[in-house]
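Colleague: Start from the sequences and build out the full structure, keeping to the hints where you can.
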Amino acid sequence: MAQQTKPADRDLARAQAGQRPQPRPENYYRLVKQAINKQNRKLDRFVARYDLTASQASIIDHLSTCPGHAASQSAIEAEFDIQGSTLTVMLQRMEAKGLLERAASTADARRKTVHLTPKSERLIPAISAYIDRQQLRFEREFGRARLADFKRMIAYMAASIGLDDDQPVDKRPPL
Numbered sequence: 001m002a003q004q005t006k007p008a009d010r011d012l013a014r015a016q017a018g019q020r021p022q023p024r025p026e027n028y029y030r031l032v033k034q035a036i037n038k039q040n041r042k043l044d045r046f047v048a049r050y051d052l053t054a055s056q057a058s059i060i061d062h063l064s065t066c067p068g069h070a071a072s073q074s075a076i077e078a079e080f081d082i083q084g085s086t087l088t089v090m091l092q093r094m095e096a097k098g099l100l101e102r103a104a105s106t107a108d109a110r111r112k113t114v115h116l117t118p119k120s121e122r123l124i125p126a127i128s129a130y131i132d133r134q135q136l137r138f139e140r141e142f143g144r145a146r147l148a149d150f151k152r153m154i155a156y157m158a159a160s161i162g163l164d165d166d167q168p169v170d171k172r173p174p175l
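All residue numbers for the sequence shown refer to full-length UniProt numbering, where the first residue is 1 and numbers rise by one.
Since the hints were derived computationally from the structure, they do not count as laboratory data.
As the structure is a computational prediction, the values presented were derived from the model and not from experiment.
Just so you know, even glycine gets a beta-carbon here, dropped at the ideal spot from N, CA and C.
One should not assume that every hint holds.
Below 30 Å or equal to it, Euclidean Cα-Cα: the simulated DSSO-like pairs (lysine-lysine) are [as the list claims (entries may be wrong)]:
1. Lys-33 x Lys-151
2. Lys-151 x Lys-38
3. Lys-151 x Lys-119
4. Lys-42 x Lys-151
5. Lys-97 x Lys-38
6. Lys-112 x Lys-97
7. Lys-119 x Lys-38
8. Lys-42 x Lys-97
Distance windows between CB atoms, simulated [what the hints assert, rightly or not]:
9. Gly-98 x Phe-142: 32 to 40 Å
10. Leu-147 x Glu-77: 38 to 46 Å
11. Val-89 x Arg-146: 32 to 40 Å
12. Asp-108 x Tyr-156: 31 to 39 Å
13. Asp-44 x Thr-88: 16 to 24 Å
14. Arg-144 x Ala-96: 40 to 48 Å
15. Gln-19 x Glu-77: 43 to 51 Å
16. Arg-24 x Ala-107: 43 to 51 Å
17. Ala-126 x Gln-16: 53 to 61 Å
Modeller: Quick look at the structure:
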């Protein structure tokens with residue numbers, strides 16, 4: 001039985017032979033990334049009037065849905081899938097603006113609990129209304145069945161990222 005050649009291997013062979021690689025189909029991961037970037041820029045423009053960034057508004061929105069408008073820092077890391085050091089810097093900036101407070105957890109002093117302040121709680125209605133409007137437009141445009149498919153696609157994308165990480169990396173420079 002003949003061994004199948006991977007597209008990347010075929011492209012490398014074509015490049016070594018001085019030929020251009022075959023054009024790739026649309027990169028769906030890039031399209032999703034572009035859509036997210038555009039949506040974040042729109043949210044950035046909206047929340048700029050409150051001296052916030054899109055990321056800060058997203059954290060306020062998330063905490064507004066948590067019991068007592070509070071969550072552990074590790075829970076926020078998991079919710080947004082970001083590194084602890086990145087989140088720490090963001091939370092420190094928000095704390096300096098008076099948008100939240102961080103305190104040692106009563107259960108474990110090594111862990112931090114993040115609480116919204118009255119200042120950020122006053123912003124919840126505007127932030128939530130904006131996010132809810134965007135969500136509603138999306139739902140109206142595509143309907144439940146298509147959104148269920150979309151959620152499955154996004155879940156697949158998230159789960160499949162890095163599936164080839166166990167493959168050896170060819171560190172040789174291209175010819």
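Colleague: Now tell me, hint by hint, if it's right for this structure.
Modeller: Evaluated hints:
1. This hinted pair checks out: Lys-33 and Lys-151 have alpha carbons roughly 15 Å apart, not beyond 30 Å.
2. For the proposed pair Lys-151 and Lys-38, the alpha carbon gap of about 19 Å is at most 30 Å, so the pair holds.
3. Proximity of Lys-151 to Lys-119 is assessed by CA-CA distance (about 34 Å); at most 30 Å being required, the pair is judged violated.
4. The suggested pairing of Lys-42 with Lys-151 holds, with an alpha-carbon distance near 22 Å, which does not exceed 30 Å.
5. For the suggested pair Lys-97 and Lys-38, the alpha carbons sit about 26 Å apart, so the restraint of at most 30 Å is met.
6. Using a Cα cut-off of 30 Å, the hinted pair Lys-112 and Lys-97 holds, with the two alpha carbons roughly 18 Å apart.
7. Between Lys-119 and Lys-38, the direct Cα distance comes to roughly 28 Å. Compliance with the 30 Å bound is thereby established for this hinted pair.
8. For a cut-off of 30 Å, the pair hint linking Lys-42 to Lys-97 stands: about 22 Å separates their Cα positions.
9. Checking the proposed 32 to 40 Å range against Gly-98 and Phe-142 shows it holds: the Cβ atoms sit about 39 Å from each other.
10. Under the hint 38 to 46 Å, the C-beta atoms of Leu-147 and Glu-77, about 27 Å apart, miss the expected range.
11. Between Val-89 and Arg-146 the C-beta distance comes to about 38 Å, which sits within the given range of 32 to 40 Å.
12. Distance hint check: the CB atoms of Asp-108 and Tyr-156 are about 35 Å apart, consistent with the given range 31 to 39 Å.
13. At about 21 Å, the CB distance of Asp-44 to Thr-88 agrees with the hint of 16 to 24 Å.
14. A C-beta distance of roughly 42 Å is found between Arg-144 and Ala-96, which places it inside the suggested range of 40 to 48 Å.
15. Distance hint check for Gln-19 and Glu-77: the Cβ-Cβ separation is about 46 Å, which falls inside the suggested range of 43 to 51 Å.
16. At roughly 50 Å, the beta-carbon separation of Arg-24 and Ala-107 lies within the given 43 to 51 Å, and the hint holds.
17. A beta carbon spacing of about 57 Å between Ala-126 and Gln-16 agrees with the range 53 to 61 Å that was offered as a hint.
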